[in-house]
Amino acid sequence: MNWNLVIRQIRTISKVEIARYVLARRWLGVYLAAFAPVGLLALDRLIQSRRTIPSISDFSQIYAVLFQTFVLRLSVFLSCALVFSQLFRGEMLEKTLHFYLLTPVRREVIAVGKYLAGVTAMALIFGTTTLLSNLLLYSNSPSMSSFFFEGPGMSYLGAYVLVVVLACAAYGGIFMLAGLLFRNPIVAAFLVGVWEAFYFILPETLQKLTVMHYLQSLLPLVIDRGPFSVIIDPTNPILSVLVVIGIAVGFVFLSGKVLRRTQIAYSAD
Amino acid sequence: MASSEDRQIVFDNVSKSYGEVLGVNHVNLSLEPGITSLVGPNGAGKTTLMNLMTGLLRPSKGTVSVLGVSPSDPEVFYRNIGYCSQFEAFPRGLSGYQMVHSTLMLHGLSPQKAEERSWNVIERVGMTEAARRRVAGYSKGMRQRIRLALALAHDPKVLVLDEPLNGLDPMARNEAIELFRKFAESGMHVVISSHIMHEVDIISDRVVMMSGGYVVAEGDIQGVRHEMEEHPIQILIRCDRPGLIAANVFEQDSVVEARIHSDGLGLLVSTRDPDRFYDLLNRIILQHRISIEAVSPADENVHAVYQYLVGGNGMGTS
Amino acid sequence: MAVYKRTYTRYTGPLTDERWRFTILPRFMLKTVFSSRIALLALLIAMIPHLIALVLIYLRSHVDSLIALQLQDMAQELQYLNIDGRFFLVVFAFETFISFAIVAFLGPGLVSPDLSNNALPLYLSRPFSRAEYVMGKLSVLALLTSAVTWIPGLLLFFLQTVMTELSWATGNVRILAGIVVGSWIWILTTSMLALAMSAWVKWRTIATASLLGIYFVAAGFGTVTNEILNTGYGTVLNMASNMRMVWRWFFLGESVYRVEVGPSVTLPAWTGLAAMAVICSVALLLLAWKIRPAEVVR
Amino acid sequence: MAFIELDKLSLSLGDRPILKELTGAYSGRCIGLLGPNGAGKTTLLQTLLGFHRPTSGTARVLDLDIRTEIRKIRHLIGYMPESDAFIAGMTGIRFVRMMAELSGLPSEAALERAHETLFYVGLGEARYRALGTYSLGMKQMAKLATAIVHGPRTIILDEPTNGLDPAGRIRMIQLVREIRDTQDINLIVSSHLLRDIEEFCDEVMIMKDGLIVTYCNLEEERRANRKFLQLETRGENASFLEAAEGLGCTCAVDRRSSRVKMVLPETVEIHDLYQLAETHTIQIRRIQYKRDSLQDIFMKAMDGGSPKGGS
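Protein chains in written order, with this note's numbering: chain A, 1 to 269; chain B, 1 to 318; chain C, 1 to 298; chain D, 1 to 311.
The shape of chain A in the complex, shown without the other chains:
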């Protein structure tokens, strides 16, 4: 196994993939979904519509709601579904997959190259927007600096960014494999979506099978899920991080194996 050749191949594939998609129309939806909350909070910061400034803990609560409902469930999840399922399914639809398959590169290395391109791009986009929206929200309250430097502010922020990156990693792997296996990955995206979004109503053993449970265990504030939710104690953070990374690596490895058996028979639909 000639490692520096493999490294060079992975770097090349990642660079090519990012060059192809970063300005592609397809990613416009991703940029919109990522930067919408930032725009919103910036607007709020400008027009100061509120008469009374809520307390720091209120701000944390507001951000927790915003993060867990809109950011994590909708924009990160849908963006990963769109980007990663198109990594391979897009190439099959556009009939360009053969360009990669004709190169002397291990199939697993192609999968890793494409995956890393997707993860770095998504992690960068959502990492920065999470950072920005977090800071913008707290900048409304005068005691922001004390909250961040003495209080738990910094560790909250770190947790949120970590969760976003891990979400991209795990969901990225899942949707890349879905893109390889299913002719219409949107159906798979919908099923996984429902499973992950309503994880809290599942019994304990099933909850441990969802990615969301481990991401949730890393979040500082758990928001009330309503009457049906089954509250179970979170797994300890280190284990959660390892499990999510394990999921990501597992799916990428599977994608490599599937790619090895993929044949080029572009069907004329």
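Since the hints were derived computationally from the structure, they do not count as laboratory data. Take these hints with a grain of salt, some might be off.
[To be verified] On the chain D side, residues computed to face chain B include the following (Cβ under 8 Å): (1) Gly35; (2) Asn37; (3) Gly38; (4) Phe51; (5) His75; (6) Glu82; (7) Gly137; (8) Gln275; (9) Gln283; (10) Arg285; (11) Gln295.
Beta carbons are placed, not taken as given, at the ideal position from N, Cα and C, and that holds for glycine.
Fit chains B, C and D to the supplied structure of chain A, relying on the hints for placement.
Showing chains B, C and D alone in chain A's frame:
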């Protein structure tokens, strides 16, 4: 001494079908270096054969090996193979240069060497000034040239080309034919599929003719032609008195048929023994002072062989 | 015996009037749409709310016969139900969503295949302009959604008038106007959006997914905006509430719309209309840019 | 009457000039449009169809100006695009019928013409099948059907024989010839296959870098160019060639295909060559006159032949 296996492209009783659509059936080939032309009507299985040869498809039955390497381990297999496919599409957002350069990087070249060799091969296909623009804006001919560059960039030992001249202008066609001839002479395998019979005539050392998923003929053109006794050689004669020649020609029993052309200035003769016929013809011309416009064998070329074996001038037999 | 050799001959007959040439598209496209049974099934399901309304109207005006059938409690309840603006508001609330679903699933199939199969040069090399192409495709969607919105709506209105006296109709002419004008506003907006989206994304399935995305995710984001910015204008992102403003203005005569979620703030009724006008113009721009015979790539 | 007149027609896409002040009047029955990749052939055809607005200058098709009367022009033009173009979910007959109606034919006439045209192009028995199931050759024929169904005065074919197998190409060449021979129809055919162009074009326009570098009538070219003889013999022909040179012929032997090119002076007849062959006991197997084929005309135009028309 390397066994013959390591120098050939071998198909060992290969069959391939997609669901109930038959791709190719019971193909047995062992191709020597040089230019091999793949001919046959649309849907005869040419592209399937090429996709099998380049590992994009796995055979349902039988095995394929190129220079002794099986397509199942891509890291070694694709070092020696270059495939210029018929697929029209290109990745959006990339320029011609970026594609060639990244392909060479995947082959393990350093960035500088990849860049130098990229411009070299781009220049060879005449795309130097357009290479910086995005491929999405290229015309059909320019896309074909970039596909050729991608197949040639890493100096492969085996070149598989699916209708490589499709969309190229006449000058580019000649340059490409010269290029392929040079490769073949340097001991490379060049496998070309084409519909343009007179080009196949000029280029190929040997022909593989397919119809309905089966290999119906394989070998050099003249060889294939002579093996088919049941089709006598046709000779076309343009002159002022075809009737006179026709009258004298039947003294040879090897002459099977003589048809006078509707314009009264042409005669088509079918004979099993062309050598003796030419002697007779030359004697008749001298004896009766017939003024000749042209004498030419009507079907020494691939096209005629194609007509007999594949035949059909309607909408193709497949 | 005369042998007729078929050679190519030119057409020298009369030509049709150019004004109505765009109607060719719906004639042909409807056959393609109705060839798939799912489309037929979807249209039938879409009729259910109107059927229920029909039954209610009929029963409401025959309360006495219900009593005769000893169905006192049902007759009791029907007394309170009066067929007025609010009744039609509920019926059309359902229709708003159903007609959007029809457009979201059938719309992309009209434009995306033409773009991915490069059919535009075939259309536009004929005396058939880009505007006619869009109008033709639009009229296909308009026909389908009309069959689900204002046509059954008018039937209900007419039935109610026949059941009661003419004065009901003259008293509620606002409802009549609402049914027709309101439906056409919604048909135009959703159809333009569907065509623009399927011209922008060349695959059917992704176009349908994006349309549903716009309908739901944008609405969700609207409510979040209302919450955080403490304003009502986030509702503009919610297409369903835009349309609800228009219905309420027609059916209930409310010129002011109370925002459901977020601070209790009211918006003038015309904001919904303005939002939909913006959507239509953006869609028109997008179509003008994408529907062209030869793709020019810089 | 010239059916195409170009009046300093120029066009730039973005900042790249594609057509450079093309001028000229052309009236051939079937004009072949040739040129290297990127010479502007497809762009010129699309501009005549009004797909692009010319940057300056204009053109007249059938005496109608493309800037102002494009809709009238499009009634009289049939266009077969180069790339694969069809409408999904439609059968052959409904596809061709809709295209006829879009060109102004009333519905019944369109249906009748559609059937007639599909039989004419050889898709008779496949006309009720969905277009998606058509092979490449059949799709080309379906495109041709849509280009001729409404009986246009001018037909533009972009690479009609491209990618067809031999059977398909023979059929297409035959059809284009028949259409050309119908009275008052003019064709413009763009192609890279010079043999096909020679089969059905009587005039040829060669473009290069946005200019028209050569415009010639193939019949005249054939007559004007000097004739030379191509010979193939069996047996040792050195002495035979010397004897021929003695008579004043100039000979050139093509090493690879062992064919001989010979130019006969006025005084020598083919018959004399047979005489010589008899005396030198060699057998003449092939003998025919060859002319500057379109290939040579094209090559001359490419390396800076005299630009007729154009700037």
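Taking the hints in turn, this is what the structure says about them:
1. At its closest, the beta carbon of D:Gly35 sits 7 Å from a beta carbon of chain B; the interface hint therefore holds under the 8 Å criterion.
2. Given the 8 Å rule on beta carbons, the hint for D:Asn37 holds: about 3 Å separates it from the nearest Cβ of chain B.
3. Below 8 Å, beta-carbon pairs count as interface contacts, and D:Gly38 has one with chain B at about 6 Å; its hint therefore holds.
4. Given the 8 Å rule on beta carbons, the hint for D:Phe51 is violated: about 15 Å separates it from the nearest Cβ of chain B.
5. For D:His75, the suggested interface contact is broken, since its CB lies about 29 Å from the closest CB of chain B, more than 8 Å.
6. A distance limit of 8 Å between C-beta atoms decides the matter here; for D:Glu82 the minimum to chain B is near 7 Å, and the interface restraint holds.
7. For D:Gly137, the interface hint holds, since its Cβ comes within 8 Å of a Cβ in chain B; the closest pair sits about 6 Å apart.
8. Residue-level restraint check for D:Gln275 holds (minimum Cβ-Cβ distance to chain B is 7 Å; threshold 8 Å).
9. Contact between D:Gln283 and chain B, as hinted, is supported at the beta carbon level, the nearest pair being about 5 Å apart and thus within 8 Å.
10. For D:Arg285, the suggested interface contact is upheld, since its CB lies about 6 Å from the closest CB of chain B, less than 8 Å.
11. About 6 Å separates the beta-carbon of D:Gln295 from the nearest beta-carbon of chain B, less than 8 Å, and the hint is met.
In the structure shown, a violation is registered for the earlier hints numbered 4 and 5, in ascending order.
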